[in-house]
Each structure stands twice: as structure tokens, then as C-alpha cells.
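K.L.:
Residue numbers (the working numbering), protein chains in the order written: chain V, 4 to 315; chain G, 4 to 315.
One thing to keep in mind: the hints can contain errors.
All copies of an identical chain are treated as equivalent in the list; a pair is satisfied when it fits inside any one copy or across any two copies.
Unchecked claim - Calculated lysine to any residue pairs in the SDA-like style (CA-CA distance at most 25 Å, straight line):
#	residue 1	residue 2
1	K161	S116
2	K224	G118
3	K59	L214
4	K59	L219
5	K198	S230
6	K255	N91
7	K157	R119
8	K254	H29
9	K218	N121
10	K161	N117
11	K224	N121
12	K290	A32
13	K122	I166
14	K88	G208
15	K33	R199
16	K33	K163
17	K221	R119
18	K254	E18
19	K88	E225
20	K262	F227
Everything labelled a hint here was simulated from the structure, so no lab data went into it.
Number of protein chains: 2
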Amino acid sequence: MRNIEIVGYGTYVPENIVKFENQIRHRVAKTDKISQIDMAVNAIEQALKNAKITIKDIDCIVSTSAVCAQLIPSTASLIHERVAKGTNIPAIDINTTCTSFISALDIMSYLISNGRYNKVLIVASEKASIGLNEKQKESYELFGDGACAMIFQKSDDKNKGIIYSIQQTWSEGAHSTEIRGGGNLLPAMEYSEEKREDYLFDMKGKEVLLLAARKLPKFFKEMFENSGLSMSDIDMVIPHQASRALGLIMKKLGVPKTKYIDIIKDYGNMVSVSVPFAFCKALDEGKIKNGDTVILTGTAAGLTANAIILKL
Amino acid sequence: MRNIEIVGYGTYVPENIVKFENQIRHRVAKTDKISQIDMAVNAIEQALKNAKITIKDIDCIVSTSAVCAQLIPSTASLIHERVAKGTNIPAIDINTTCTSFISALDIMSYLISNGRYNKVLIVASEKASIGLNEKQKESYELFGDGACAMIFQKSDDKNKGIIYSIQQTWSEGAHSTEIRGGGNLLPAMEYSEEKREDYLFDMKGKEVLLLAARKLPKFFKEMFENSGLSMSDIDMVIPHQASRALGLIMKKLGVPKTKYIDIIKDYGNMVSVSVPFAFCKALDEGKIKNGDTVILTGTAAGLTANAIILKL
Numbered sequence: 004m005r006n007i008e009i010v011g012y013g014t015y016v017p018e019n020i021v022k023f024e025n026q027i028r029h030r031v032a033k034t035d036k037i038s039q040i041d042m043a044v045n046a047i048e049q050a051l052k053n054a055k056i057t058i059k060d061i062d063c064i065v066s067t068s069a070v071c072a073q074l075i076p077s078t079a080s081l082i083h084e085r086v087a088k089g090t091n092i093p094a095i096d097i098n099t100t101c102t103s104f105i106s107a108l109d110i111m112s113y114l115i116s117n118g119r120y121n122k123v124l125i126v127a128s129e130k131a132s133i134g135l136n137e138k139q140k141e142s143y144e145l146f147g148d149g150a151c152a153m154i155f156q157k158s159d160d161k162n163k164g165i166i167y168s169i170q171q172t173w174s175e176g177a178h179s180t181e182i183r184g185g186g187n188l189l190p191a192m193e194y195s196e197e198k199r200e201d202y203l204f205d206m207k208g209k210e211v212l213l214l215a216a217r218k219l220p221k222f223f224k225e226m227f228e229n230s231g232l233s234m235s236d237i238d239m240v241i242p243h244q245a246s247r248a249l250g251l252i253m254k255k256l257g258v259p260k261t262k263y264i265d266i267i268k269d270y271g272n273m274v275s276v277s278v279p280f281a282f283c284k285a286l287d288e289g290k291i292k293n294g295d296t297v298i299l300t301g302t303a304a305g306l307t308a309n310a311i312i313l314k315l
Numbered sequence: 004m005r006n007i008e009i010v011g012y013g014t015y016v017p018e019n020i021v022k023f024e025n026q027i028r029h030r031v032a033k034t035d036k037i038s039q040i041d042m043a044v045n046a047i048e049q050a051l052k053n054a055k056i057t058i059k060d061i062d063c064i065v066s067t068s069a070v071c072a073q074l075i076p077s078t079a080s081l082i083h084e085r086v087a088k089g090t091n092i093p094a095i096d097i098n099t100t101c102t103s104f105i106s107a108l109d110i111m112s113y114l115i116s117n118g119r120y121n122k123v124l125i126v127a128s129e130k131a132s133i134g135l136n137e138k139q140k141e142s143y144e145l146f147g148d149g150a151c152a153m154i155f156q157k158s159d160d161k162n163k164g165i166i167y168s169i170q171q172t173w174s175e176g177a178h179s180t181e182i183r184g185g186g187n188l189l190p191a192m193e194y195s196e197e198k199r200e201d202y203l204f205d206m207k208g209k210e211v212l213l214l215a216a217r218k219l220p221k222f223f224k225e226m227f228e229n230s231g232l233s234m235s236d237i238d239m240v241i242p243h244q245a246s247r248a249l250g251l252i253m254k255k256l257g258v259p260k261t262k263y264i265d266i267i268k269d270y271g272n273m274v275s276v277s278v279p280f281a282f283c284k285a286l287d288e289g290k291i292k293n294g295d296t297v298i299l300t301g302t303a304a305g306l307t308a309n310a311i312i313l314k315l
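Just chain V, with the same shape it has in the complex:
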């Protein structure tokens, strides 16, 4: 077990709401100037306040956004500039798309428990609404904007921390969820209105769902076998809010209806923000508490799957 614990957390969603039937999505209004970095900063300020510490108490800043703010420098550096300018705090981007937050917590838990860093700030921020394709109804109606920051430190309580973690990547799905343009393969400088869709988010929802449904049961089985735990040991599953098919996947994985967080209706898929946001919301609402055993899990573009079994 890698002994870590939560020190504080903060969340941010834009006030502006877009509705698709009964589905609510928070999205930065087009007339509004709130950037991805602004949202990250807002969530961090709340997290520091919640933890009753200042930025000077933080030993490392990790940004987990799926889509970068600029191609250079790292998103973490641009966030650092707003909250930690003048300090030496290291800033790093860790990216596995939608599950980046889980990857970052998984990875940084080794550095925290080893004593390299005491307090690590992990921040997810996404302005997904920028890159949506209005012609692709399924993804256009799914995504929301927002940010979430959580601070973790080494725990003196030997029962608290990460019991088990796993990541797998199945690149059969590498092109099932994409923004093809903007990076090195199809540079922004080649943008034209005719090629616009190549620069927007493109999700083949059925492909993703089929691959996930085929791979995840074995992934979950491996997690339980290797950790020596079973579903009955778990108090709550906090899944990535991938799509409205969340209930179907949870059922296939044997997660009872009472044992997972589903906030798709009110927030949709917030990319890398979804998992920490659902985590913080569950803490705020008392759905999970000290001593509980929770699973953070999800699939991401790649296709990548992550899971952490965490004792709070």
C-alpha cells in the first residue's frame, strides 16, 4: 500500500448552461473570456483554501488536461505562472486523455510515499466546448467544461492510501476518439474551412463502447484477483463519466446501482475533469467518507483504461 491522503480539493464549472432535453452541460459562453487556465486557477484557489494551506506548501504541480492550452510550454507551466510565479515548484504534464487524473495520482503516489514530494497538487482543466463538432450529435451533446484540483500528501495512517492500481492501453482504439489536427501530424498551419472537421473532436461512440465492453470485464477481473479484493469490499466506484451508456458498462462489470457515481445528466463528460470532479462531489455530498474503499476508474482515448483502489 502506498500511504497517501487527501489534503484538500476544489472544483469549478462555468455558470453558463446548455440543455439537450433533460441533459445539462456547463459550457463557457462564447461571449465569455474564461480560459482553460482561468478554470484551473479557480479550482486551485479553492483547493488551497479547503486545505488551509498556501501555494508555498505545495511541492509539485501536475496538470492532467487531455488537450493542452498551448503546444509549448506545458499546461502546468502556464498554470504555475498564475498561481506559483516566483517559486521553484516543479510543474509537469501527465496525459492519458480522459483518465489522466487517475494516471497522475497513480504515478505521483510513488513519489509521495517515497518522500520525494510531500504535497502534490493535481489539477485537471478542460474547455471541451471549443472543439466540438455540431454535426456529430452524440459527442456534441455529451461534453462539458470545468476544472478540478486535488491536493494529496503522505499519510501517517498505515490503512490509508492506494491498495492497488493498474493501467492498460489497447491501441486498437487509437483512432476511435480523436482530435487529429493541431499537433505535429496535421499542423494548425494547414487549417482550412474544408478540413475543419479534422480539427474538431471526433468520437466513434459505438466503436469505443464495443472495445470497452470487450476488454473491461477482464481488466476488472485482473484488478480484483491481483488486489485480493472483491466488489463487496468496495464502498463506491467513481467512474469516468464517459457517456450515457455508463449504466450499461457498470452493470456488465457487476457494479450495483447503489455503488457508483453517475452525474452524466447534470455535467456530461468533462474529459479529464470528470473523475476528480465526481470524486469531490461524492465527498461533498457525504456519499463517501473516511475509511471507505473506493475505485477510481475509466477508459480514455487511446484506448486506455485505468483503475485505482483507494482507501480513504
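For chain V, the structure is supplied; the task is to place chain G on it using the hints.
P.N.:
The following block gives chain G in isolation, referenced to the frame of chain V:
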């Protein structure tokens, strides 16, 4: 000490050469179709051959490119698709721009020495030539394309591995080295010929040099004090090939002329590829050998500085 050792490595540079007076730069020819991913794959294939293993022996693939191949999914996933499709090997991007390779090795050494992953493949690939601005002579003549892959594993030799590592970020320099466009803050969809320079690499060389010269001596002092070592314990410094001012910086840091690798003249700055590429070249040429103590170091956009003291 975190006990790790090199299992194998491979490098790739495009055959095409561009010359600026006596300075040689390897750059993918405009008529050539070699992508960032192609270069990464080539380096990985050589690394696996050099290590006498197959991809199935690898437990984690980390990509450290400063500039992503696509905005979604991770560059590591797109590399995975070409070398590891059908496997479950996790794929992760770790990014601190030019020093990403050092950050990734630093971070992953905790997971290797802890037993999470046995063999980790770290691959850097950059096609910097795409984003250069012909009007900015200093940066236009500086960069080269290429890739480098290195495989690390846990070492049974208690003397081998990472003695000390440090990262600091000084975001006073967040805008000294940038590609402003392409990400969330200035999306590709807003591209126009008038705004072209915002989508190209922009380096304020003097600003970077002044900030680095001001901060690095203290950074090096901290490294030596905390590690209990001094320059006389070091056999070779492998610095990021940041610019032709490399010699000046090394002098300021008290690194003798015989004790650092300088391949700027033949390769220029290859972004995140520079450090591992110079590392592999030094190994190939016998400039460093088993038992030597080396420092991997550099500054990156952000401004971020990294250093690892590694006993081979």
C-alpha cells in the same frame, strides 16, 4: 538510490541535412513523408534490437515529446498503435517540454525501483522543423528533427542507478519560449495567414539565457549540496543542447570543457530528443562507460530545469 540500469537504446535522425554556415541540422525534407511517429517507431525498433528483447518484454511506454502528434489521443497511444497493438502495455505522455525525457526517467525510476514496472521504454520524438519561423533567424537555424528511445529496468547492482534528481519550474519564463497556437487558448480553427506567427515556434533567446544564467548556479549548488557530491565526482555532464550558448552556461556552472557533451554543431537543438540522443551518442562513442557517474540536465520552456545524477 533508485537502482535502475539501461537495457538498450536506439536513435533516429532524418538523412536530409540543412546547413547554416558550419552548423548542420537534420530535418525531414518537405517532400518526405516521415512523421514524428515514424521517427519514434524507428528509434524504438533499434532500441529493442539493441536490448535483444521484443515489445512484449516492455511493461510501460512513455512518450516525452514536447509537441503532441495529435491533440487527442496521447502521442504514446499513437506510438503504441505502431509497435504494441494487441498488447495491454500502458502508454503515457509525460511533458516538461525540452527536458521531458529527464522528467520521465526521474518519475519512472520510482515505479521501476518499486517493482510496478520492470522494463520501461521512454521515447522522445520531435519534428521541430514543421513549426519554425523563417523570420526568426536564431531559432530557425537552431532546431533539428529526430527521435531517441531508451529502455530501463531495475538493477540488481546496488551501485547503479539514480543518486539524486531535482526539478524546478520558474514561470517568470513561461512566455519566453512558446508555440501559442494549436491548443485550447488559441485553437487551430482560428488560424489565418495573418496570425501565422502565433502558431509557430517563438523563442526570446536572450530572455531564456538571462533567466537560466541567473537561476542555474543556485540550482546546481542545491544539487551538489543535497547529493553530497561535487563536480570532481562527475565523469560527464550530458546537457540539453539548448543553444550555441551551451559553452557559456557550462562555464558559469563550473563544468570543465572536457566534461560535457556538445553536439550543437552537428545536430542543433532537437527539443526533448537532445538529452537522450546525446546520452546514446556518448555511450556509442565510449565517452561514458559502465561505472561512470553522469549528470543529465537542461532547461526547458516553462522555464523548467531538471537534473539527474546517474551512476551507470
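K.L.:
Now look at each hint and say whether the structure bears it out.
P.N.:
Hint check results:
In this assembly of identical chains, K161 and S116 lie within 25 Å of each other by CA distance both inside one copy and across copies; the values are 11 Å within and 21 Å between. Proximity of K224 to G118 under the C-alpha cut-off of 25 Å is restricted to the inter-copy arrangement: shortest distance 21 Å between copies versus 32 Å within a copy. Taking the closest pair of Cα atoms, K59 and L214 come within 25 Å of each other only across two copies (21 Å); inside a single copy the shortest separation is 44 Å, beyond that limit. For the identical chains of this complex, K59 and L219 are inter-copy neighbours only, at 21 Å across copies versus 41 Å inside a copy, given an alpha-carbon limit of 25 Å.
Taking the closest pair of Cα atoms, K198 and S230 never come within 25 Å of each other, the shortest separation being 47 Å inside a single copy and 53 Å across copies. Only between protomers do K255 and N91 lie at most 25 Å apart by alpha-carbon distance; the minimum there is 20 Å, versus 47 Å within a single protomer. With identical chains, the CA atoms of K157 and R119 are at most 25 Å apart both within one copy (10 Å) and between copies (19 Å). In this assembly of identical chains, K254 and H29 lie within 25 Å of each other by CA distance neither inside one copy nor across copies; the values are 27 Å within and 54 Å between.
For the identical chains of this complex, K218 and N121 are inter-copy neighbours only, at 23 Å across copies versus 36 Å inside a copy, given an alpha-carbon limit of 25 Å. Within a single copy, K161 and N117 get their C-alpha atoms as close as 14 Å, and across copies as close as 18 Å, so both meet the 25 Å cut-off. In this homomeric assembly, K224 and N121 come within 25 Å of each other (Cα to Cα) only across copies, at 22 Å, whereas the closest approach inside a single copy is 33 Å. Taking the shortest Cα distances, K290 and A32 never come within 25 Å of each other, neither inside one copy (31 Å) nor across copies (58 Å).
Proximity of K122 and I166 under a CA criterion of 25 Å is satisfied in both settings, with 19 Å inside one chain copy and 22 Å between copies. In this assembly of identical chains, K88 and G208 lie within 25 Å of each other by CA distance solely across copies; the values are 20 Å between and 41 Å within a copy. Proximity of K33 to R199 under the C-alpha cut-off of 25 Å is found in both arrangements, the shortest distances being 18 Å within a copy and 23 Å between copies. Neither within a single protomer nor between protomers do K33 and K163 lie at most 25 Å apart by alpha-carbon distance, with minima of 43 Å and 55 Å respectively.
With identical chains, the CA atoms of K221 and R119 are at most 25 Å apart between copies only, with a shortest distance of 20 Å across copies and 34 Å within one. Within a single copy, K254 and E18 get their C-alpha atoms no closer than 33 Å, and across copies no closer than 54 Å, so neither meets the 25 Å cut-off. In this assembly of identical chains, the alpha carbons of K88 and E225 lie at most 25 Å apart only when taken from different copies (20 Å versus 43 Å within one copy). Proximity of K262 and F227 under a CA criterion of 25 Å is satisfied intra-copy only: 16 Å inside one chain copy versus 51 Å between copies.
Taken one by one, the earlier hints fail for this structure at numbers 5, 8, 12, 16 and 18, listed in ascending order.
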